[in-house]
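K.L.:
Sequence:
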Amino acid sequence: MIVVVGLIVAFILVLIFSNRATRACRWREYRVSGCDLRRRWHCVACGAEVFTSDGTAPKVCHAPGRKRT
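So that you can map any letter, position 42 of the sequence shown is 42 in this note's numbering, and since no number is skipped, the others follow by simple counting.
Honestly, the hints are just simulated from the structure, not real lab data. Every residue gets a Cβ at the ideal spot worked out from N, C-alpha and C, and that includes glycine. Among the hints, erroneous ones may be present.
To be verified - Cβ pair distances, simulated, as ranges:
id	residue 1	residue 2	range
1	Lys59	Leu37	12 to 22 Å
2	Arg40	Ile2	19 to 29 Å
3	Val3	Ala45	15 to 25 Å
4	Val4	Pro58	35 to 45 Å
5	Pro58	Phe17	15 to 25 Å
6	Val9	Val32	43 to 53 Å
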């Protein structure tokens with residue numbers, strides 16, 4: 001019984017703390033460019049293309065047709 005309650009609590013915490021801005025985005029790094037200091041990322045879900053300087057995937061959706069609030 002305690003395991004079931006723990007799983008439910010964990011599921012609720014994941015729902016609360018998950019980033020909704022990139023829930024549908026699936027970022028893929030484009031590695032063809034040579035020694036550029038910025039990384040090129042392409043979202044296979046919405047088609048957005050973004051460059052980052054820190055090498056990590058974007059945290060928000062950059063879809064061209066998405067309404068930002």
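K.L.:
How does the Cβ-Cβ distance of valine 3 and alanine 45 compare with 15 to 25 Å: does it lie in that range?
P.N.:
Given about 34 Å between the Cβ atoms, the range is violated.
K.L.:
Against the range 12 to 22 Å, how does the distance between the Cβ atoms of lysine 59 and leucine 37 compare: consistent or not?
P.N.:
holds, 20 Å
K.L.:
Note whether the CB distance of valine 9 and valine 32 lies within 43 to 53 Å or breaks it.
P.N.:
holds, 44 Å
K.L.:
Are valine 4 and proline 58 spaced within 35 to 45 Å by their CB atoms?
P.N.:
holds, 36 Å
K.L.:
Starting from the range 15 to 25 Å, see whether the pair proline 58 and phenylalanine 17 falls in it by beta-carbon distance.
P.N.:
holds, 18 Å
K.L.:
Mind checking the hinted window 19 to 29 Å against the Cβ distance between arginine 40 and isoleucine 2?
P.N.:
Violated, at about 47 Å.
When each numbered hint is compared with the structure, violations occur for hints 2, 3.
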